[in-house]
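K.L.:
Each chain, written out:
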Amino acid sequence: QVAERVEALGQFVMKTRRTLKGHGNKVLCMDWCKDKRRIVSSSQDGKVIVWDSFTTNKEHAVTMPCTWVMACAYAPSGCAIACGGLDNKCSVYPLTFDKNENMAAKKKSVAMHTNYLSACSFTNSDMQILTASGDGTCALWDVESGQLLQSFHGHGADVLCLDLAPSETGNTFVSGGCDKKAMVWDMRSGQCIQSFETHDSDINSVRYYPSGDAFASGSDDATCRLYDLRADREVAIYSKESIIFGASSVDFSLSGRLLFAGYNDYTINVWDVLKGSRVSILFGHENRVSTLRVSPDGTAFCSGSWDHTLRV
Amino acid sequence: QDMTEKELLKMELDQLKREVKNERQMVSKTGKEIKEYIESMAGEDPLLKGVPEDKNPFKEKGGCTIS
Chain A
1 QVAERVEALG QFVMKTRRTL KGHGNKVLCM DWCKDKRRIV SSSQDGKVIV WDSFTTNKEH
61 AVTMPCTWVM ACAYAPSGCA IACGGLDNKC SVYPLTFDKN ENMAAKKKSV AMHTNYLSAC
121 SFTNSDMQIL TASGDGTCAL WDVESGQLLQ SFHGHGADVL CLDLAPSETG NTFVSGGCDK
181 KAMVWDMRSG QCIQSFETHD SDINSVRYYP SGDAFASGSD DATCRLYDLR ADREVAIYSK
241 ESIIFGASSV DFSLSGRLLF AGYNDYTINV WDVLKGSRVS ILFGHENRVS TLRVSPDGTA
301 FCSGSWDHTL RV
Chain B
1 QDMTEKELLK MELDQLKREV KNERQMVSKT GKEIKEYIES MAGEDPLLKG VPEDKNPFKE
61 KGGCTIS
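Sequences listed follow chains A and B, in order. For the first sequence, the residue numbers in the UniProt record's numbering are 1 to 312. For the second sequence, the residue numbers in the UniProt record's numbering are 1 to 67.
Only chain B is shown next, with the shape it has when bound in the complex:
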C-alpha cells in the first residue's frame, strides 16, 4: 500500500488508542496456565515422549516392495 509516513503513523496511533482499552491479565496468572496446559497435554505429545516403533507410521519398512 502506498501511504505517506504521516498516514502510516496516524494509522499506528489510532490502533494504539484502540488497544489501550484492552483488558489485560497478569502474566503470573496466564503464564502458569500455559505451563499447566502443556503439562496436561504432554502425555499425548508424540514428538515429546516418542512413539513405539510398531505404532510409528513413518517407520522404515524393511523387506521387498511390490510394484
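Okay, chain A solo, but in the shape it has when bound:
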C-alpha cells in the first residue's frame, strides 16, 4: 500500500554483455572487487578464478584441495580473496602479479568449522572474515592470527548465507539457514538481535537493502521476501504461481528499487521492490543460477550458474 502512488516501471531490456567461461563444473559463488571490474568465482571443480570482467581475461586461478568451493569473497583492498567449502575451512589467498609466485603457496587457513563452509565475507577491512557453516554457526575470525573472535549460535540447522550491514548502519549482519530463519546479529556481543521465520523452506540467500533498514531473502519455497528491520516484520513477498523453483541468490540494484533473484529453473527474475511485481525475466543460463551480485557501482550484475559460466 505504501507504494500505491509510485509510478510503475516501464519495460526493461537487460542484455548479457559478457560470458565468463573457464570453470570445468558448476559455478557456486562469486563476488565483485571494489574496483567494479574484477570478479572472483568458485566452482564444484575446486577451482577459484579471478576475472577481469571488462576483458574476460582470467587473472588468477587456484585449485583448492577440496571440491564444492561453495563460498568465495574479494577483500576490500582488492589484494586478496577468501574461499572454502567441503574442506570446512575458509582460506585467504593474497593476489600476486608476480608470475614466479605460486598463489597456493601463500595460502593462509583462517577459519575452521565442523562442517562445510557455505558463505564468507570480509568485514570492512582485510583483517577480519565472517563465515557461515553447515555446522549451524557463524563466526568472526582474525585473518592474521586465525583466531576466533566471536561465534554466533542460534540457528537450528545449517546456515547457508550471510550479508554484512552497510558500514553506516553499524556492526550487524544477517544470516539465513535451513531452519527457515533469518537472524540479525550484533557482531560485538554475538547476540541475535532479531529473527524472522516466515519462509516455508531453506533460506539460500540474504542481502541487506542499500540503506541498511531492511533485507531481502531468497528461499527454496520459490519466494523472495523483504523484511523491515525497524518495524521488525516481513513487509513484502515476491512470488508468482508460475514460479515453483527455489530462489538461490538475491541482490538489490543501487537504489533498492529492483531486486534481482536467480532461480533453480535457470532464470533470473527482476522484481519491483515497491510494487511487488515482476518487471522482467532474464533467460540465458542453461542450468540453475546459483549466485548473483550487483557490481559495487550498480552498473551491472553478475550471475553464476551450474552451466559452468558466469554472465555479466
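FYI, nobody ran anything at the bench for these hints, they're computed from the structure. Among the hints, erroneous ones may be present.
What the hints assert, rightly or not - The calculated lysine-lysine pairs, modelled on DSS-like cross-linking and capped at a C-alpha distance of 30 Å, are:
(1) A/Lys26 - A/Lys58
(2) B/Lys35 - A/Lys36
(3) A/Lys106 - A/Lys21
(4) A/Lys21 - A/Lys108
(5) B/Lys32 - A/Lys240
(6) A/Lys21 - A/Lys47
(7) A/Lys21 - B/Lys49
(8) A/Lys36 - B/Lys49
(9) A/Lys240 - B/Lys29
(10) A/Lys15 - B/Lys35
(11) B/Lys59 - A/Lys34
(12) B/Lys35 - A/Lys240
(13) B/Lys32 - A/Lys275
(14) B/Lys49 - A/Lys275
(15) A/Lys108 - A/Lys15
(16) A/Lys21 - B/Lys59
(17) A/Lys34 - B/Lys55
(18) B/Lys59 - A/Lys47
(19) A/Lys34 - B/Lys35
(20) B/Lys49 - A/Lys240
(21) B/Lys29 - A/Lys15
(22) B/Lys35 - A/Lys275
The hints should help you fit chain B onto chain A, whose structure is shown.
P.N.:
Same frame as chain A, but now just chain B:
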C-alpha cells in the same frame, strides 16, 4: 551442532524472550521511508535508468583486438 530437540526449543524460547523487548516502529512510517530512500536514489541507479552507450564499461567494442 548436535542439539536435542529440547535444547533447540529452549534456545528458541530464550531468543524470543530477548526479542520481545525490542523497540518496534510502525510499518506505516518505516515503509514510507524505504519508498523515499528509493526515490531519492533512483536517479543514480544505472540498472534502473540505463547508461548511455558511450559511458557503458561493458559495451561490446567493435573493431580489431591487439594481442
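K.L.:
Hey, A/Lys240 versus B/Lys29, does the alpha-carbon distance stay inside 30 Å?
P.N.:
holds (27 Å)
K.L.:
Quick one, are A/Lys21 and A/Lys108 close enough, alpha carbons at most 30 Å?
P.N.:
This hinted pair holds, its Cα atoms lying about 27 Å apart.
K.L.:
Holds or violated: A/Lys15 with B/Lys35, Cα cutoff 30 Å?
P.N.:
Holds. A/Lys15 to B/Lys35 sits at ~27 Å (cutoff 30 Å).
K.L.:
Does B/Lys59 sit within 30 Å of A/Lys21, going by the straight-line distance between their CA atoms?
P.N.:
This hinted pair holds, its Cα atoms lying about 18 Å apart.
K.L.:
Are the Cα atoms of A/Lys26 and A/Lys58 separated by 30 Å or less?
P.N.:
holds (17 Å)
K.L.:
Keeping to a limit of 30 Å between CA atoms, is the pair of A/Lys21 and A/Lys47 held or broken?
P.N.:
holds (13 Å)
K.L.:
Within a Cα-Cα threshold of 30 Å, do A/Lys34 and B/Lys55 meet the stated pairing?
P.N.:
Measuring from Cα to Cα gives roughly 19 Å; hence the hint holds.
K.L.:
For B/Lys35 and A/Lys275, compute the direct alpha-carbon distance and say whether it is at most 30 Å.
P.N.:
holds (10 Å)
K.L.:
For the pair supplied as a hint, A/Lys34 and B/Lys35, confirm whether the alpha-carbon distance does not exceed 30 Å.
P.N.:
Given that 30 Å is the threshold and the Cα spacing comes to 27 Å, the pair holds.
K.L.:
Does B/Lys59 pair with A/Lys34 here, judged by a C-alpha cut-off of 30 Å?
P.N.:
With Cα atoms ~20 Å apart, B/Lys59 and A/Lys34 stay inside 30 Å; holds.
K.L.:
Tell me if the straight-line CA distance from B/Lys29 to A/Lys15 falls inside 30 Å.
P.N.:
Between B/Lys29 and A/Lys15 the Cα gap is close to 37 Å, so the pair fails against 30 Å, i.e. violated.
K.L.:
Is A/Lys106 close enough to A/Lys21, meaning Cα to Cα at most 30 Å?
P.N.:
holds (26 Å)
Hint compliance for this structure: hints 15, 21 are broken, all remaining hints hold.
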